Each structure stands twice: as structure tokens, then as C-alpha cells.
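With these hints in hand, go ahead and build the complete structure from the sequences.
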Amino acid sequence: MINIDEYIQKYRLFIVAGIILLAVGLIAFMGKKEEPVVHQVAKSEDHRGVTVLNYHKIDNTFHSLSVRPEDFEKQMKWLSQHGYHTITPDQLYEFVTNGAELPDNPVMITFDDGYIDNYKNAYPIMKKYGFVGTIFVVTTYLEKYPNYLTWDQARELEANGFSIESHTATHKSMTEASDDQIMEELTKSKAMLKEKLGKDSCFIAYPTGTYNLHIAQLVKNAGYKAGFTIKYDAVNRNSNVYALERVPIFHTENTNKDFLERVLYLPLMNKDGWVKK
1 MINIDEYIQK YRLFIVAGII LLAVGLIAFM GKKEEPVVHQ VAKSEDHRGV TVLNYHKIDN
61 TFHSLSVRPE DFEKQMKWLS QHGYHTITPD QLYEFVTNGA ELPDNPVMIT FDDGYIDNYK
121 NAYPIMKKYG FVGTIFVVTT YLEKYPNYLT WDQARELEAN GFSIESHTAT HKSMTEASDD
181 QIMEELTKSK AMLKEKLGKD SCFIAYPTGT YNLHIAQLVK NAGYKAGFTI KYDAVNRNSN
241 VYALERVPIF HTENTNKDFL ERVLYLPLMN KDGWVKK
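Taking the working numbering, I'd label the letters of the sequence shown as residues 1 to 277.
To be clear, the hints were calculated from the coordinates, so they are not data collected in a lab. Here the structure is a predicted model, which is why all the values come from computation and not from measurement.
Quick list of simulated restraints, FRET-style, between CB atoms:
1) Ser80 <-> Asp179: 42 to 52 Å
2) Asp179 <-> Asp200: 17 to 27 Å
3) Trp78 <-> Lys172: 32 to 42 Å
With a Cα cut of at most 30 Å, we get these calculated BS3-like pairs of lysine-lysine:
4) Lys77 <-> Lys231
5) Lys120 <-> Lys74
6) Lys120 <-> Lys194
7) Lys172 <-> Lys225
8) Lys172 <-> Lys220
9) Lys231 <-> Lys172
10) Lys128 <-> Lys199
11) Lys194 <-> Lys172
12) Lys127 <-> Lys194
13) Lys120 <-> Lys196
In this text, a Cβ means the ideal position worked out from N, Cα and C, and glycines have one as well.
Below, the structure written as C-alpha cells:
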């Protein structure tokens, strides 16, 4: 018959070691924190929205496309005072396609055509508030017409955080052009931006904002990874990257009131999960 006292005495060291190991394991188990479960949010459930504003001219011309510099200043000041941060096309693209994080209150500010007043009037105001923008230029117009940017001005803007992207070569309406004409507009513009700015332009804004699915496929074939149109909606993760929404800002009877309504209303639509049509 086994003598318990002798057994304990003989194997005391092993028993003590076992008890210590058991205690250590128990403490480790009790103190272990479970790893948080990461739930992947489906694109259809991610309603974060980004308002992309679309301007043309910033001057005192009596025209609906011309926002007065004093009004533009008030709008940029309002955005700054309310904590908005401007983003680039690349940031927006990564958000839509990969769910990348964005700064608080993101807004993208774009200009179409490439007018010289974007450089002379809009650029100093935006620099004042630490903002950057995106200018979609009609490439054959630069240095051809005096009311458009020069390539030196475009280079300066790029060097200071702005993005100079394509608005085609001659602003030809794509819905009224043949496939060959569309491809010429796309490739010629892309080649000129490469030659003049040394960049591979990946973004385009459709002239007049018009497009269709066939045109979007041609844009993709030409090497662009996203296209911008005109639509009163914010961009979210359900947006089509070849038909990204932009909200136009016009000169109206109450330009600044209209501006505020568009900036404040669209995020609410996306937050509440309104379905894009």
C-alpha cells in the first residue's frame, strides 16, 4: 500500500512545480483579453458621404458659372470655421474602393475647364485657409486662350497640393462623339498632362457632366481609374467610381444660402442611408 506521506516527500518537488505551473496558467487564462471581433462593414451599409463641390469661374462676370470672389471667400471661410478638411481625388478614390479613412468633415473642391481666375482668385483664398483643390483642365486650351491657365501656373498649383486632372482635350461632349473621337479626347489629354506636368492623370471630369456606361468603359480602357459627373448627391462607398457625384455651385440670387443648403443637406441624406438611384 502506498504511503501518502512518503509519496509526497519523494515527489514533493514535482508536485510543487506542477502547482506553480497550474497557477501561472490559471492567472494567464483569467487575465487574457479576448481579441475584438472586427466586423467588415458591407459597402451598402457604409453611408459615410463626401460632398464634392464643383465650381467653374471665380470672378465678377455676370454669368451663372461665375461665383464672385467675395462669395467664394465667405464659403471657404465657413468651411474652415466649421472644421472641414479638403481632400484629393486619390483620397476620395481610396475611400470609395477600399474604405480608407478620411479626415473629419471631408470635402473635395473641384473646378472645371481650367480658367485663369482659378489661379488668380480662388487659389490665394484657398491657400489662406489651408485648402487644396482639383482643377479639371481642357488641355488644348491652356496657353492657347488668355482666360485659361498657363502650364507654369498649373505646375505651381500642383507643387502646392492641388491636383490638375483631365477635362478632355477639347471639351467635346462625349455623348455626341464617336468612339474614336472619345478615345482621342481621352488619350490626347492624358498625354499632354504627362508631357507638361510629368504626371499620369488618373481622373477625368466629363464635359457638361454627361456620360453613359459605354463611355465609362472607354474611360477605363484609356487608363483612367475614376470619372466625375454632375449630380446633386454626395459620394459614398456605393458610388460608381466612373460616375462620381459632384454638386455644382452657381451664382444665384442667394449664392451663399444655396451653398450652405447643399453642403449641409447632402451628408444627412447619406447618413440616413438614402439609396442612390
